[in-house]
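Number of protein chains: 2
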Amino acid sequence: MGAPMCQNLLSAGLPLTVWNRSMAKAKPLSKRGAVVSDSPQSAVADADVVITMLSDGAAVSNVIFTQGVAEAMREGITHIDMSSIGADEAIEHAKHHVNLGVSYLDAPVSGGTKGAAAGELAIMAGGDAETFAAMQAVFAPLGQATHVGPNGCGQLAKLANQVIVAVTIGAVSEAFILAGGGGADRAKVREALQGGFASSRILTEHGQRMVDRAFESGGPAKFQLKDLHNALRAADRLGLELPITKLLHGLFDAMVQGGKGDMDHSGLLTHLEALNNITGN
Amino acid sequence: MGAPMCQNLLSAGLPLTVWNRSMAKAKPLSKRGAVVSDSPQSAVADADVVITMLSDGAAVSNVIFTQGVAEAMREGITHIDMSSIGADEAIEHAKHHVNLGVSYLDAPVSGGTKGAAAGELAIMAGGDAETFAAMQAVFAPLGQATHVGPNGCGQLAKLANQVIVAVTIGAVSEAFILAGGGGADRAKVREALQGGFASSRILTEHGQRMVDRAFESGGPAKFQLKDLHNALRAADRLGLELPITKLLHGLFDAMVQGGKGDMDHSGLLTHLEALNNITGN
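Protein chains in written order, with our numbering: chain A, 1 to 281; chain B, 1 to 281.
Accuracy of the hints is not assured; some may be wrong.
No copy labels: a pair is met if it fits in one copy or bridges any two.
Stated by the list, open to error - Here are the simulated lysine-lysine pairs, DSSO-like style, with alpha carbons at most 30 Å apart:
#1 K114 to K27
#2 K222 to K246
#3 K188 to K226
#4 K114 to K95
#5 K246 to K25
#6 K226 to K25
#7 K25 to K114
If you're looking for bench data, these hints aren't it; they were derived computationally from the structure.
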């Protein structure tokens, strides 16, 4: 997702220095006006704002703190971490940064590469209200940013987002199995339901994938499982019971255990069909 | 919901005869140009199309078949039952009508009184494709009608709709409990999530009720429970296992048992909060 986000920042006229572990991914952005850096330390050296978009909390911790990139940042700048990581990890990173005089926002996104390309990401930001307010020019080209609470809350909101996504995929799956089981045309059911209270982006987009049985991965089931695991871990730390999230975690876990980890998360339908001895129709 | 639907039919210039168990509900429509009938038999006597909107299958069966209203219909006309009833009941009603030479569509709706007033109901129709095609002028003023399959499938699609509604309410509830539990502002979380993959009409409308803690009933929990019960009954008849629907049935059942049957279904949040010893915030 980093590349389309960078393009939108460049289109907005913001000066940009980029670094990626794979030089091949960063290179094409030089044609668009970005400076390509050969190390994360040099990439951040003159920055007013540093944005990271990495795979998980361990990757962020490794690049920013273990490799001394945080120390390479100038005092008073802001680090916006748009990666999806644990809320506890975000709080820990915030503390490290405070010691170095760097402001920090956890600001994960929802909307996929499509949303990233369109500059229409839903951005959930945790941190200081003033820091958030100061970053509007950076967020605006990327999507709609909302300040949801102190550090860690952006990540919690993202987990909340992923809980809704997973559970809604389960809901649409069972709805299709029920209606289809009685002879209804699933494509028509999807169409009919879109105007009513059941309408959602999941019904529209993932429901279409289910109808087309196009389960090549947009968002793989194994990542959805990881998100649900992190949500339950966060809930556990907060002393919360989330029975629906727990059930969905179990279903996605069984799906991944059954060898479908790389299938799109909408493929949960096939797992529930298999439980019902239904062969895809 | 009958009244606003009648008003939309009248606004479209369709001649309308109305009957209601409570004369007081039918009367005001005479000012809008409807003929008010004093019995269901006389209401249907000259009709080309009969529309029923009643509370459940037993009410439809009683009015139409026990009270001899089906026999009062002219041969060759069409009865559109827009009530939410069992798929098996719809199939049975279709059979009764066939014997009397009356065409039948089961065509329940989603969208609530708001959707009814706006002429924007999602109408899920089961029955003969030709009968459905011939009814376009009747459906058009009421909303968007989709033919989903043979008789009974309209009702199954409605149950599928209700499954998605109930499960999505559960999803949004747990998402709010998780994010709020970690200090995020639920109103802001709702706002932030609306642009992403978690966006849905439930997040927008029911999510707002949760934020406002405005649980006066739009759709009471006891009706949501009835819908889930009917969905599981239909699944059972079709030999289907729906684990997520089953969990939500249990949660709504406990909510209703706990005395919250008349609360809006979005009040499931309060039931899940109580399980977590959270007092509403």
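field: Violations among the numbered hints
entry: Those not satisfied are hints 4, 5.
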